[in-house]
Amino acid sequence: MKRSRKTLQPGRQRKLLSLLSLPVFAFLVVPTLIVVPVALNNSRYITFPPGGVSLAAVQGFFADQAWTSALSASMQAAGIAVVLGTVFGASAALGLHGRKFPGQQAVVGLVLAPMIVPTVVLALAFYQFFISVGLVGSIIPIGLAHAVIATPYVYLTTRASLAGLNPALVRSAQSLGAGMLSVFRHVHLPVILPGLISGALFAFSVSIDETVMALFMQSPGATTLPVKMFTDIQFNLTPKIAVSSALLVTVATIGLLIQVVYVLKRRSTARMMPLAV
Amino acid sequence: MATATLERSRPRAGGPSGSAWPRRRRRGGWLLLLAPIVAFDVLFFLTPLGKLVASSFTGGAYARVLADPLVTRSLVNTLTIALTSTVVTVVLGYVIALVLWRSGTVMRVILFAVVLLPFWTGILVKNFAWAVLLQDNGLVNDFLQNIGLTDAPIGLLHNRFAVIVGMVHCLLPYAVFPIFSSLTAIDGRLALAARSLGAGEVSVFRRITLPLSTPGISAAGLLVFIISTGFFITPVVMGGPGDMMIANEIDYYARQLTDFSGAAALAVILTVLVSVIAAVYQRVLKAGGHHETL
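Going line by line, the protein sequences match chains F and Z.
Everything in the first sequence is counted per UniProt numbering, starting at 1 for the first residue and increasing by one.
Everything in the second sequence is counted per UniProt numbering, starting at 1 for the first residue and increasing by one.
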């Protein structure tokens with residue numbers, strides 16, 4: 001159907017549309033990409049376009065203990081979020097796959113609900129809650145909070161890959177004497193693996209970029225990269241913020257490239273829409 | 001109990017036809033799979049939210065916050081900024097979705113990547129980039145001076161314009177996805193029929209593409225509006241003192257005034273606002289016969 005539409009489309013209008021949309025695409029992508037050259041600027045001030053290339057800001061970033069400890073706090077929070085989010089999200093998708101039971105909608109709703117609640121509301125709720133249980137002051141509450149909001153993403157990506165599972169495979173494995181763990185390892189795991197990987201990537205990206213919760217629950221030893229950036233940005237635009245941004249853009253690009261390769265292999269752009277999986 | 005169930009269903013599962021195979025056989029199994037996530041969400045999601053709601057009803061918090069002129073102003077700010085950003089986002093998102101829809105497979109993947117790059121990037125990175133571009137000696141001001149539009153840098157940062165630019169940039173992917181899916185649902189033969197009857201490109205768009213993609217537009221509009229009501233970072237980084245939104249007010253009450261019940265009341269107000277809009281959103285989706293987007 002797509003092919004027929006293509007041949008129908010008169011070339012001139014298509015070119016005009018592409019031309020008109022060019023500024024919009026530039027608007028989308030240029031600001032994200034400029035942070036890399038800004039980070040490699042040789043000036044002590046933030047300028048764009050940069051005067052010359054230098055790694056001074058990058059070295060400055062890694063020599064600054066405040067920034068490196070922020071980086072390590074971010075990695076720890078993301079580690080907790082990825083592990084918990086992947087385990088909980090995937091088990092929810094497996095547990096809900098192909099089943100009907102009373103209250104199922106409620107469980108699905110509960111699994112997806114953290115996506116819908118505004119982050120600032122959750123941040124306040126977590127802040128109050130973790131203060132009341134005496135957990136604030138380490139990276140653990142931030143990691144747990146990130147796991148809560150990352151889980152729905154893993155659930156959605158895993159559910160999407162389970163949709164392609166042929167029930168006959170499970171049945172044959174069981175009839176051949178496979179136990180539950182064995183069925184999971186040899187039947188479910190290969191099917192859900194792409195969903196698991198992209199879900200884990202999402203979880204990582206959600207955690208590493210999340211600012212509001214991490215800001216509310218920050219403490220001297222648990223200040224994440226975005227929180228450090230947010231605090232510094234309000235005073236001055238420094239090259240170290242640019243280096244931190246470039247780092248995060250690099251992570252985003254790697255995640256995106258993995259996704260693109262996966263999509264090109266599957267030939268389905270639908271999988272690129274995280275909200276429509 | 002789980003073992004008993006397994007025992008009873010074993011002969012059935014082994015049978016050659018066995019249509020009820022997985023449900024019966026693994027009843028205990030799926031409960032074990034669902035237990036961790038339900039326990040986790042009850043403990044670390046519902047409990048904190050429940051405590052938040054409970055604390056909002058203490059000490060006359062609602063009366064107190066609603067009497068605060070700063071709160072009223074931030075509510076007005078939230079609605080006007082969210083509405084403006086939504087309109088701009090949906091219009092630009094429509095253009096992007098249209099181009100995506102009309103490109104070939106490879107081009108489509110490339111353009112999708114362009115849409116997804118900001119989606120994968122954190123809000124702080126994007127706002128920082130905009131701050132660099134819009135600051136007094138930034139690229140945009142340099143450009144405006146070079147082409148002779150102004151002599152001195154004009155203040156592009158720390159005002160409402162900057163907030164909306166920053167927000168639209170973050171929101172665009174959310175508008176593109178629903179619009180794109182409603183465009184792909186359009187039967188290509190309709191445009192073919194219209195053209196064979198002599199319709200030009202503009203009239204095909206106006207009378208076929210646009211009306212048939214309205215479910216996507218309304219879905220995108222409501223989704224974007226809901227997300228935009230909760231913005232916190234952008235007003236601080238890119239806005240001025242007069243551009244604070246409700247989320248900033250929550251932060252102010254919680255961390256500056258340490259008035260937790262007041263902050264909780266504001267959070268409940270924001271959530272109720274968003275939920276009401278989400279309910280409308282669901283209804284519009286149903287009325288439009290649009291398939292599930294979540």
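Worth flagging that the hints you see were computed from the coordinates, not collected in a lab.
Quick caveat: nothing in here was measured; it's all calculated off a predicted structure.
You may find that some hints are simply not true.
Each pair of labels, with its calculated beta carbon distance range [to be verified]:
1. F235/F / R207/Z: 51 to 59 Å
2. G109/F / D151/Z: 37 to 45 Å
3. A67/Z / I131/F: 21 to 29 Å
A few chain Z positions that, by computed beta-carbon distances, are all more than 10 Å from chain F [claimed, not checked]:
4. P36
5. L139
6. G155
7. G198
8. I217
9. R255
10. A264
11. V280
Glycine is no exception: its CB is placed at the ideal position from the N, C-alpha and C atoms.
Status of the hints after comparison with the structure:
no.: 1; hint: F235/F / R207/Z: 51 to 59 Å; in the structure: 54 Å, holds
no.: 2; hint: G109/F / D151/Z: 37 to 45 Å; in the structure: 58 Å, violated
no.: 3; hint: A67/Z / I131/F: 21 to 29 Å; in the structure: 27 Å, holds
no.: 4; hint: P36; in the structure: 6 Å, violated
no.: 5; hint: L139; in the structure: 5 Å, violated
no.: 6; hint: G155; in the structure: 15 Å, holds
no.: 7; hint: G198; in the structure: 14 Å, holds
no.: 8; hint: I217; in the structure: 15 Å, holds
no.: 9; hint: R255; in the structure: 7 Å, violated
no.: 10; hint: A264; in the structure: 7 Å, violated
no.: 11; hint: V280; in the structure: 14 Å, holds
The structure does not agree with the numbered hints 2, 4, 5, 9 and 10 stated previously, though it agrees with the rest.
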